[in-house]
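Protein sequences, first through last, are from chains S, Y and A.
If you want the numbering used here, it's the 1-based position in the first sequence plus 7.
If you want the numbering used here, it's the 1-based position in the second sequence plus 50.
If you want the numbering used here, it's the 1-based position in the third sequence plus 43.
FYI, nobody ran anything at the bench for these hints, they're computed from the structure.
Glycine included, C-beta positions come from ideal geometry on N, C-alpha and C.
Any given hint might turn out to be false.
A partial selection of chain Y residues facing chain S, derived with a Cβ cut-off under 10 angstroms [to be verified]: (1) T80; (2) A81; (3) D83; (4) S85; (5) V115; (6) A120; (7) L133; (8) I147; (9) M151; (10) L154; (11) L156.
Under the rule of at most 25 angstroms between Cα atoms (straight-line distance), these lysine to aspartate or glutamate pairs were calculated in the DMTMM-like manner [claimed, not checked]: (12) A/K154 - A/E73; (13) S/K31 - A/D167; (14) A/K154 - S/E20; (15) S/K31 - S/D141; (16) A/K154 - S/D44; (17) S/K353 - S/D297; (18) S/K353 - S/D141; (19) A/K286 - A/D257; (20) S/K31 - S/D44; (21) A/K154 - A/D167; (22) S/K31 - A/E170; (23) A/K286 - A/E258.
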Amino acid sequence: MTDTRSQPGPDDEVIVELVPMVRKIVASRIRDPEVVDDLVQETLARVMAARSRVQGDTLEPYAAVTARNLVASLARGNDRARAKTHLLADLEPSESPAEDLLRQEESSLLAQALDRLPTEERDLLLAHEVHDQDTRSLAEHRDSTPGAVAAQLSRVRAKLRVEYLLIQEQVEPPTDRCRPVLRAISAGDRRRQRELDAGAHLLGCDCCSTISAALLDRRASAPRDDDVRVPISRDADVVTARQRGREAAARLGFSSTELTLIATAISEIARNIVRFADHGDMVIRTVQDDRGRPGVTIVARDVGPGIPQLREALQDGYSTYDGLGLGLPGARRLMDQFDVVTELGKGTTVTMTTWARRTGADQPTTGPGRDTGSRDTGTRADQPPTRRSRGDDT
Amino acid sequence: MPGPEPPGADRPLNVSILTQGAYLIVSIHTALDDSQMLQLREHLIAQVGRQRSRGIIVDVAALDVLDSFATRTLTELAEMARLRGAETVVVGIAPEIAVAMVRLSLQLNFVHTALDLEEGLELLGELTGLSDREALVRGSRRAD
Amino acid sequence: MMTEQADMNGLLLPELVAHLREHRTALRQEWATRITDAHLLSSMTAQEVFSEATAVYDNYVEVLETGSVEALQHYARDLSERIIPRGVETHEVVGIVLLLRDVLARSLFEKYHQDFALLNRVLDAYEPAANRIANTVAVSFVDQRERVIRQQQDSILELSTPVLQVRERLLILPIIGVLDSPRANQLTEQLLLGIRSHRAKVVVVDITGVPDVDEAVANSLVRTVDASRLMGADVIITGLSAKIAQILVTIGVDLNKVHTVGDLQGGIEEAERRLGFQVTRISDART
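Turn these sequences into a full structure, and let the hints guide you.
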């Protein structure tokens, strides 16, 4: 709580005048009207709190920056914990000098990245992001449509992200294909990624696989901090992959039977990579469905010869090596979702997911309001509301 | 006579093989990969021939999965061992592994199964017609 | 207690919080009364309603003050856990938080009605937060309810597939009711755990009480037999009607692999024979 006290009156009016501008900034970035309300309020609250520190004529830019920051941190917060977190106020601690330094460094990187963009694209981006021109007025200027401008903006942003990361990692892409592939990944353009055969390129290119990891991390809708990647080229890697898969699923509370089913499916698929494709990798990822049910997704990729007769390969008993031919159909039977994309001469990607059968069983149950005691106000929220206890100060 | 068997390949095989009279008792201590499974199979077949064993018990309780390859290798082991005069009993299949195996329609042909080592020994006695004493005597005669 | 000083530094929520703290007793009482009037939480005593109302109220104020709904979530989950077994319905929970919202909004209106602009700003600050709180409580309740329902379903499943030990190393699994795929899976898992813990060598699965045996059920039975055998236990299936036997043959189930005996009694006798038990009447010894 702040100690600043001031009289209501002129100050408040200055603040109120900011409302339309702040609302416009927030509403242009966020759809949910309730969230817009929240952020507008929060922005105003922050501007008021900072009132004494901010010069009169800089109040407006200050409010604009605050609003944008709040929108950005809300987006980050959403990425971290979708759905369940109701962000009433941004509780991030106030910035330390070290953070300030970091931010300066960040903006220097950003400036360098911007420098690498063609002038026209840079101008467009700056006009929109910094000078806050909306896509319609930008389109009028350029004899274009708002939709086309928006699409162009998103391509430019994707490009900027790639350049930013390249500068940050201090690498120069080794091949001509690197930048197009990275841009397609940055933009989340799956069609373009397929055209470029991005998966195969990533397997072969260390630089791109590092950069794309950062890009994918940013694009992820669910928390992907615990993505596990296991390179597969030898028999022993098969064991490693299924153990990692089991560990990841165990953290989500899968039953021991489910864990074994997942590990077995991984084993079958990883073996296929070793047998047919020489090398590839597996990414084990924990996911959530719309209803918050946890699951494990395994993406197995290789740059092998591809599967010539996929339909047959998915049937029991089919095999090109002298086994029981249970690799693909077996794994499919063990998992809830199973998808194979294969291209001759290019490689194969198997994506499979299993959802936990029961959720909730592992939810912690904490005592009634035990930790909700308000600290200095003297109210009695810290009294556990058991059925026996009746209300106090009546 | 008993003791861990040195593997022939690059990585140590975390398996102990105990000669108990006419039987070989094999305990797998960790997950094995495909080449290690094959290595174990070769090793056991050779040993059955050398020792004229009448039975093999493979304890798989420590294996994390019994997938198609592991199952096939065990089946082949049992088939080859039978041609050399030994029956194979796999013991220690955990409930969740059994579930996964039937989901995959995996069959352990030629292989007998029992709950644990004790049951496995009893089953081998029934299968080979050897009493415990006979199995041991034969073993001690062979041990020189 | 928060003093009544003019806390007018322009931050609306703190002012609001102060107001709610100051009038805690009256507002809480009014809320509890309105809950009773609306016949909400009718399965609880007035005293219980009041004490829960107190806790919710204080949590509510705390959320407004700190902006963090975490504590409220914990409380709401706990509250739900307590009231769900008593038959409190979702609409009641939603009803009471909406009532609280109204009670508080009304009091804000009374306080600020002279200054319309200020009132609007206060309400603007209050409403999104209040909605968020109502939402949090309702979501916690529904989540908790679903969890309870799931747990009940699970325990019903477990209850309906009892694995019984009749003799050393002999288990009986009488299946009664529809055997769908989740239940068949659950049953298999339970049976396998039972085989391990009882060191069973023979299991009699009686399916007399299963109304419909279709291909899927037959397949899952075969899987149960196979899985049991992998753990060293033989399965005898009893109560298999001619019709079911026909289905098994039609779908290519190898009946040699599945040992069947007409009825449960016969199955148990067969199992005992295999285990080497000899069953004799002891009626002679009685007299």
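Each hint tested on the structure:
1. T80: holds, 9 angstroms
2. A81: Nearest chain S Cβ about 5 angstroms off; hint holds.
3. D83: Holds, about 4 angstroms.
4. S85: With Cβ-Cβ at 5 angstroms, under 10 angstroms, it holds.
5. V115: holds, 5 angstroms
6. A120: holds, 8 angstroms
7. L133: violated, 19 angstroms
8. I147: With a closest approach of 6 angstroms, the Y/I147 hint holds.
9. M151: Nearest chain S Cβ about 8 angstroms off; hint holds.
10. L154: holds, 5 angstroms
11. L156: holds, 7 angstroms
12. A/K154 - A/E73: holds, 16 angstroms
13. S/K31 - A/D167: Answer holds: S/K31 to A/D167 is near 17 angstroms, not above 25 angstroms.
14. A/K154 - S/E20: Holds. A/K154 to S/E20 sits at ~21 angstroms (cutoff 25 angstroms).
15. S/K31 - S/D141: Holds, at about 10 angstroms.
16. A/K154 - S/D44: At roughly 23 angstroms apart (the allowed maximum being 25 angstroms), S/D44 and A/K154 satisfy the hint.
17. S/K353 - S/D297: violated, 33 angstroms
18. S/K353 - S/D141: violated, 43 angstroms
19. A/K286 - A/D257: Given that 25 angstroms is the threshold and the Cα spacing comes to 10 angstroms, the pair holds.
20. S/K31 - S/D44: Holds, at roughly 11 angstroms.
21. A/K154 - A/D167: Holds, at about 15 angstroms.
22. S/K31 - A/E170: Roughly 20 angstroms between the alpha carbons, so the hint for S/K31 and A/E170 holds.
23. A/K286 - A/E258: holds, 12 angstroms
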